[in-house]
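One line per chain: the protein sequences are A and B, in this order. Sequential numbering from 5 applies to the first sequence in our numbering. Sequential numbering from 4 applies to the second sequence in our numbering.
Hints were generated in silico from the structure; no laboratory data involved. One thing to keep in mind: the hints can contain errors.
[Claimed, not checked] For each label pair, taking beta carbons as the anchor points, the in silico distance ranges come out as:
{"#": "1", "chain 1": "A", "residue 1": "Gly322", "chain 2": "B", "residue 2": "Gly110", "range": "26 to 36 Å"}
{"#": "2", "chain 1": "B", "residue 1": "Asn57", "chain 2": "A", "residue 2": "Ala327", "range": "46 to 56 Å"}
{"#": "3", "chain 1": "A", "residue 1": "Pro306", "chain 2": "B", "residue 2": "Val152", "range": "28 to 38 Å"}
[What the hints assert, rightly or not] Here are some chain B residues the structure puts well away from chain A; computed CB gaps all over 12 Å:
{"#": "4", "residue": "Asp103"}
{"#": "5", "residue": "Asp172"}
{"#": "6", "residue": "Arg265"}
Just so it is clear, the structure is predicted and the values come from calculations on it, not from any experiment. In this text, a Cβ means the ideal position worked out from N, Cα and C, and glycines have one as well.
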Amino acid sequence: MSRFFEWWRRGSVWVWLSSAALALSLIMVAGLVLLLGAKGLGFFWPSNIQQFQLADGLVLRQVTDHESEGRYHPARIQLKVANRDIYGQDFRWIDLADIQQSSLPKDALFVERLEYGPFIGRLIQIEEYGQVLARGDEALSIARSRLPSAKAHNAQIKTLEQSEAGSLNTRIEKLRLAERKSELQGKQTPQTMQEAENKRKELHQQFEQLQTRLDALRAQSNSLTVTLETVDGHSKVIPLANIARLVSPNSVGLFGKIGTYLSRMWEFLSTGPREANTEGGVFPAIFGTVMMVMIMSIIVVPLGVLAALFLREYARDGWVVRAVRISVNNLAGVPSIVFGVFGLGFFVVTVGGGIDNFFFPERFPTPTFKTGGILWASLTLALLTLPVVIVATEEALAAVPRSQREGSLALGATKWQTLWNVVLPGASQGILTGLILAMARGAGEVAPLMLTGVVKLAPSLPLDATFPFIHLDRKFMHLGFHIYDVGFQSPNSEAAKPMVFMTALLLLLIVLVLNIFALRLRKKLRRRTGGSSF
Amino acid sequence: MSTAPHVEKIFAQRALVSDEFPLTDTTVRIAPILIRTKSLNLFYGEKQALFDINIGFPKNTVTALIGPSGCGKSTLLRCLNRMNDLIDGVRVEGKVLLGDQDLYAPGVDVIGLRKHMGMVFQKSNPFPKSIFENVAYGLRIQGIRDRLVIQEAVERSLQGAGLWDEVKDRLSESGLGLSGGQQQRLCIARALAIQPEVVLMDEPCSALDPIATAKIEELIFELKEKFTIIIVTHNMQQAARVSDFTGFFWLGKMIERDLTERIFTNPKQQLTEDYITGRFG
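Isolated chain A (complex conformation):
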């Protein structure tokens, strides 16, 4: 009994409880990351293609899932059907009992196409301008060797479309806007109209020339085709340029598979999405997320720090300040969708509408800023994370020792000089802690973004080579929204399920990278300002 009392008196029970709580939190976090990794990272692995002899014929499939015998169904496996354009379904369950025979044919081919998803089957022949170049294995090796140049050709067409055709379009649009502007201002004369008309004709002519060039290039690109055949005899002719990758998982070894894995992962990180976001990469979403978080940080830190400075250093402590402080803390608890509604109502409609009326009347009725965009989304999130920064900054300011302020004041510094030179540098680490928390919160928000500027597929990045380079009015893609969209709004979310996990893992990684960046900055500051601990 006394032993138990001693144990209790020492507080061992609380030590155990606290360590258990910590362990539980760690297990939950690790479990989340492991789940995402386990479900997502297998996505890129080129698994073997199995050929099954069933009662109703042969099938050639990748096994994607396995269920042992359950209460309502016998043991069964899930197969990736692929060839969506032929069968119209992505997955199929078959009972193990129905399989009469199975094998791993060496020549089974997994073709990643730019359209209609993957194709599983065999390569029959390769043709150029209708002439058969080769058949069978030889055709496969020719297709492999010519695939890079076909892709490069395709990329060239795309660049032409985007840069030259794009810039011509921009110039035509600018001309129209200039005309409209002079019309609105009443400066239009028959002479200017004639000039504009001539210019427009010239531009249209250039555009048509470009179109002919593009058509020729496209025809050339489409001339090289491959004929693919499924195991049950459907055949398909597609241009080689429409193929992203040719994988024969059954015949390449482990290293070949690793190579494919890495190449697929790189594609995921570095290219844009295709097929309603369920294939391809997420680069625009990564870019949009990072850029949005950065713009948000640039807005929220000065605003939050200045607000906290006034609140802590200048405002006379009374009931007003206390009320403001309570309000700021409560602001952190407002549901984020409410901030989204506010952002839509205030930033987009009121401020954006005002900007459009004032600066861009000639573009009416096409809105420029009176629609969601990365600036409004960042501003909304800045508002959302403002309480975090204000509270952290206030704490950090309060932690700067009074003796240092007095030391500065006694040297004849003004209050502002003291704040700027001594107090703020001393509080900088705490301010950065606030920034880290704000970034983590901001990067994970989706709901307010859906109202203020995020889209499923943005035609262009908010940062590019055309003047003025940073396009704050553009809509953007975001990893969080991508997860929602691919996982729950896409026509075949089952096929894109691993991509959802992968995207979630990537979002976690990006938050981690941003935080490491801020942590390093804080560490650097600590080294420069000495061992002040906060």
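Model the placement of chain B on the given structure of chain A, informed by the hints.
Just chain B now, with coordinates in the frame of chain A:
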């Protein structure tokens, strides 16, 4: 009144630190008063902390303010550069005259007057900046940009504070990386850099070990050639060692102020004698 045996003991200890005895010389006796208070009363809200203080601090001398805790000696010190203004609810009556200028007259430039008064605090408080920037701070906030001027001032101040030889090779390192005694001397150098007339020291050695304390005391000897020094201390041996004048405070009143020699050998007030002989406080 004969010398108390206790005081002889103090002087005996003094003799261990240094051979020569600080006999008050004539220049100290005839030094003109640089800064004086006239019927200074100070209130923290309703509570009065200083009662009718009249004290003068002669130029190029060291004046020690002694007394038990809470007797108002630090408060008086902070009146001299108006640091008490920073505390809410402080009210000051009377005058503090620097030359013939009243520091509490309406319209006085408080920021400007603090440039005449360097201050060293009880706990060393270097800024979280490099050693160089710590010393240069006072000049930079005055808008001095000339690098040569600043470098010269930093070197002169660090030499004045006896720290130059120890830190000249690491001026760009953080001031917080120095030892306690070095930090305090850095703070002294920082105060010297703005070339004040008066150096106010608020128990500068209370957080230091005896060796660092001895260094600072030596420094005070050297500094009084150029500056007028007012030092608050709890350590009566220190007051006896470093000061030319000593003021004894008790419950917000100045009981006695005289040559240090006289205060410690032949005080006029019974209260003073009781305090320095350790009968209370």
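Against the structure, the hints:
no.: 1; hint: A/Gly322 / B/Gly110: 26 to 36 Å; in the structure: holds, 28 Å
no.: 2; hint: B/Asn57 / A/Ala327: 46 to 56 Å; in the structure: holds, 47 Å
no.: 3; hint: A/Pro306 / B/Val152: 28 to 38 Å; in the structure: holds, 33 Å
no.: 4; hint: Asp103; in the structure: holds, 21 Å
no.: 5; hint: Asp172; in the structure: holds, 18 Å
no.: 6; hint: Arg265; in the structure: holds, 32 Å
Checked against the numbered hints given earlier, the structure satisfies every one of them.
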